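So the chains spell out like this:
2 protein chains.
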Amino acid sequence: MSMQRIGSTIQLDHGSGGRATHELVQELFAAAFNNKFLLEMNDSALVEVEGGQLAMTTDSYVVDPIVFPGGNIGSLAVHGTVNDICMRGARPLYLTAGFILEEGLALKTLCEIVAGMAEAARKAKVLIVAGDTKVVPKGKADKIFINTAGIGIVPPGIKVGGHNARPGDAVLINGTIGDHGMAIMCKREGLAFENEIRSDSSSLNELVEAMLKSCPHINVLRDPTRGGVATALNEIAQQSKVGIHLEEDALPIRDDVAGACEILGLDPLYVANEGKVLVCLPAQAVEGVLQAMRHHPLGRASCKIGEVVADEAGRVMMKTRIGGLRLVDMLRGEQLPRIC
Amino acid sequence: MSMQRIGSTIQLDHGSGGRATHELVQELFAAAFNNKFLLEMNDSALVEVEGGQLAMTTDSYVVDPIVFPGGNIGSLAVHGTVNDICMRGARPLYLTAGFILEEGLALKTLCEIVAGMAEAARKAKVLIVAGDTKVVPKGKADKIFINTAGIGIVPPGIKVGGHNARPGDAVLINGTIGDHGMAIMCKREGLAFENEIRSDSSSLNELVEAMLKSCPHINVLRDPTRGGVATALNEIAQQSKVGIHLEEDALPIRDDVAGACEILGLDPLYVANEGKVLVCLPAQAVEGVLQAMRHHPLGRASCKIGEVVADEAGRVMMKTRIGGLRLVDMLRGEQLPRIC
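Residue numbers (this note's numbering), protein chains in the order written: chain Y, 12 to 351; chain S, 12 to 351.
Everything labelled a hint here was simulated from the structure, so no lab data went into it.
Small disclaimer: the values here were computed from a predicted structure and weren't measured.
Take the hints with a grain of salt, since some may be wrong.
For identical chains, the list gives no copy identity; a pair is met inside one copy or between any two copies.
As a list, the in silico DSS-like pairs of lysine-lysine whose alpha-carbon atoms are at most 30 Å apart [as the list claims (entries may be wrong)]:
id	residue 1	residue 2
1	Lys47	Lys170
2	Lys252	Lys47
3	Lys134	Lys330
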């Protein structure tokens, strides 16, 4: 990339829509996200899709710090939107990217973030086909905010949604919980452990594809991001009008994550994940799907953590280690601002 | 809307992803944007599309002030993205909305903005099918930023794009230039005129549909937003490798807009519009299309402002009132930060 014309920091004129914007777009964004749709430089990109059901989603990312162990705000912005699409069983295809930059942002930092986005898009096999850049005066935003929106195609016959959990379904997860949130918090608070806690931020579409190949009748997929596993399961319980029973002993939590949570007074059940998926599926499909999950690098530690029940509709209960049963409510208040 | 549970200002927990977020989403956003896709409350919305060419776009809106004569940041966020879609001749269908809110934002203000969005979406016949809300601590953003992304279907046979201008094409516009930018600047600077300058912010899809019905062979449609008419025409000239000749005398500018530009030292050719479209089309189609445009409320003052020429490829020249010919360059620097 030839960045000399751009300068070493982002200035207001990079958001003017004029010459400086064009230079930034061509030399940074278009070069990094390089694809024919984006390179056309029209008001919108024209992409080809088959007819049928399209999954469509958006998320804005305001994570602080913008670079963290295991990723940055750019890779996170791709992972999060790819995952929201594949939580409907859809194959993610095209993303858009909207940048809000604070005047004075170092170009080096922006390049690092854009490189993270481009790499994440490449790995997930999605194209960033349209974008937008705004610059606001110093102090009117915090370094960089990114919005990604995206679309994907739902293969015929797939019916995945938060309202489809059925009593008797097993609840699975593809690995340890709380890794993303605690990676962010440890970086923000300057907490150091023997082994650095890394975010689990990653695109789950390949894993989900393997799971649906093993069992096309998966009922629910949901990524437990903000609000954590507890909030995501509450959403499913309410949408499907079922109860969910969790086994405390079955919840996979890394020792260092559990330790960091204890120090900060946080419950890992409410801590955000960015590479995890909760699955509700018929009991008879569990073994096959678990095998498919464990076969994938992002599913090695997959396990069953609970089941869907008919009573206590709309509520999540946890069988504790000492044999009690306690209510697991949706997140109240805000324990971890700007986690994604 | 029952807003009592939400409180009078936005707090950090409205962006937690937990209970407060759910209440805000259900009682404000879902109620205002009311449609079956959004109400499903899944990670992404499932919409039906015919196969074929899909136009896809995104824009973030950071306009300051957030409420201005003729609109607010919410209506602007719908108009801008609807327009970017129909600039490819596509019929806009579905939008997503990502909100970044500053802690402390008055709920009343947010309600007004969301109502503006909902009304703009209703008028443009598009549905807001997916959304996201983030809240950042006070001082880390400026009140509210909105991203909208959207998709639309390109009818068969339509081939509109910035690279399609041909020598001999006429250049049309649907009305006066600079209205949006000067409405924002006058509000921001506290300039008052006898008649308030109102933004032209509006959705152009109905107008564009009427134009394409009159002439399916329109070559270029472009909305001259940031950077104004001068920058948009430069983009077309470069993409199509043609020259463009403008007639200064033909440029429609309101007297008060011209006056405000003079006071602020701005050139209306570089001032943003949000309800205008530049059109390049074969000369023989001009009369029919102008008639169709003038028939529509947003096209009453449509006129021809110039033509596409073979020489001076990539450049825009203006025949001035005194008979000279001057180069009209792309916007350099930033004359109007946070205009959209």
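Hints and how they fare:
no.: 1; hint: Lys47 to Lys170; in the structure: between (32 Å within a copy, 16 Å between copies)
no.: 2; hint: Lys252 to Lys47; in the structure: between (45 Å within a copy, 18 Å between copies)
no.: 3; hint: Lys134 to Lys330; in the structure: neither (38 Å within a copy, 52 Å between copies)
The structure fails to meet hint 3 from the earlier list, while all remaining hints are met.
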